[in-house]
Amino acid sequence: QVSRLAELPSCSDDDDDDEGGPLCRDLTQQDPAIPPKPSTFSRCVRYLAFLWNLLFLLLGLLVLALGVWGLLAKASLPGGERGAPLSSDPMLLFVLGGLGASAVSLAGCLGALRASPCLLRFFLGALLAFGGLEVLGGLLLLLARRRLRDGLRDLLLLCLLRYQDDPDLQFLVDEVQRSLQCCGLSSYRDWEINPYFNCSAPGVQACGVPASCCQDPLQSGSVPNAQCGFGVLGLGAAAAGAVVHVGGCGAALGAWLRGQAGAIVAGAAALVLVEVVGALMALRVLGDVVAFRAWG
221 QVSRLAELPS CSDDDDDDEG GPLCRDLTQQ DPAIPPKPST FSRCVRYLAF LWNLLFLLLG
281 LLVLALGVWG LLAKASLPGG ERGAPLSSDP MLLFVLGGLG ASAVSLAGCL GALRASPCLL
341 RFFLGALLAF GGLEVLGGLL LLLARRRLRD GLRDLLLLCL LRYQDDPDLQ FLVDEVQRSL
401 QCCGLSSYRD WEINPYFNCS APGVQACGVP ASCCQDPLQS GSVPNAQCGF GVLGLGAAAA
461 GAVVHVGGCG AALGAWLRGQ AGAIVAGAAA LVLVEVVGAL MALRVLGDVV AFRAWG
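For the sequence shown, my numbering gives the first residue as 221, with consecutive numbering after it.
Do not take every clue at face value.
[As the list claims (entries may be wrong)] So the derived label-pair ranges between C-beta atoms look like this:
| # | residue 1 | residue 2 | range |
| --- | --- | --- | --- |
| 1 | Y267 | L491 | 43 to 51 Å |
| 2 | V510 | L375 | 20 to 28 Å |
| 3 | V497 | L292 | 17 to 25 Å |
| 4 | V424 | G345 | 53 to 61 Å |
| 5 | Q435 | L360 | 13 to 21 Å |
| 6 | F350 | L292 | 36 to 44 Å |
| 7 | Q384 | G317 | 23 to 31 Å |
| 8 | A293 | V496 | 31 to 39 Å |
| 9 | L500 | R369 | 56 to 64 Å |
| 10 | R478 | V288 | 32 to 40 Å |
Keep in mind the hints are simulated off the structure, nothing from the lab. Just so it is clear, CB atoms sit at the ideal spot from N, CA and C, and this is done for glycine as well.
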C-alpha cells in the first residue's frame, strides 16, 4: 500500500499539464474543506445593511426619548399629580413607536454585524409584519371611509370635550384652529359641549371659546390676548363672526388633507421603499451567511 501511494503524482505548482496537472487542478478546485470567500459586493451589502439599520436605530431612540420626555414633563407617569392617564396619553404613541423601531433596527444591526441568521430572520419577519399592517390600513381607508370619517368625527368631539385635561391635546387643537382659521368641529358652537366653556359653567370661561378661535388673538399686534374668546357663545352669529372664526375645522381639515394627498402618497411610498431596501439587504446577508455555514 505504501508503494501504491508513492506512485500517485504529487501536486505542486511546477507540475506539467501532462503529468498530474489535471488531477491536481481538480483536487484544488473541488476541495470541500475550503469555504467560499464572500465577494466584495457581499461585504459592501453587509456593511451597508449595518449602517442603514444603525441610522434608524438612532432615529427610533430619538423618538423614544421624545416620548419619555413628554410623559415626564406632564407628570403623567405613575405618581404624577396632573395630566391624562398613562394609557390614553398621546405621548405613549411616541414611546411605543420608538421602542418598536429601535428593537427592529437593533436586530438588523446585530444580525448584519454578527452574521446571525436568527436576528436576520426576526428582522425580516418584523418588516413583513409592518408591511402587512400598512397594507391592511390602506385597505381600511379605501373600504371603510364612511365609518372612519364618523370615528374621526367622534374623536375630534372628544378632543373638544377634554380640551383642558391634556396639555398635548390642547396644543394640537390650538394649532389646528389657528393654522386653518376655524373653530370647533362644525362651527364655533361645538365648544358648548366642553364643561368649562358651556354657558352653565360657573367659571370665567363660561360661554367662551379658546383664544385660538379668535381672528386677532394678539392684543395690539404683539401681546397674546387669552380672553378674546370670552362670552362669544352668548353672541349672535353676526356679532360672533366679527370676533372669532365661525366655520368648523372638519371641512377645513378635509380640504387640507385633499390638498396634501400628493405629499401623503409620496411619504407612504418612501416608507415602503425604505422597508423594501432594508429587506433586500437583509435577504442578501442572510443568503451569504446560510451559504457560508453550509460548508461547516
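When the hints from earlier in the document are held up against this structure, which numbers fail? Hints 1, 2, 3, 5, 6 and 9 are the ones this structure does not satisfy, whereas the remaining hints hold.
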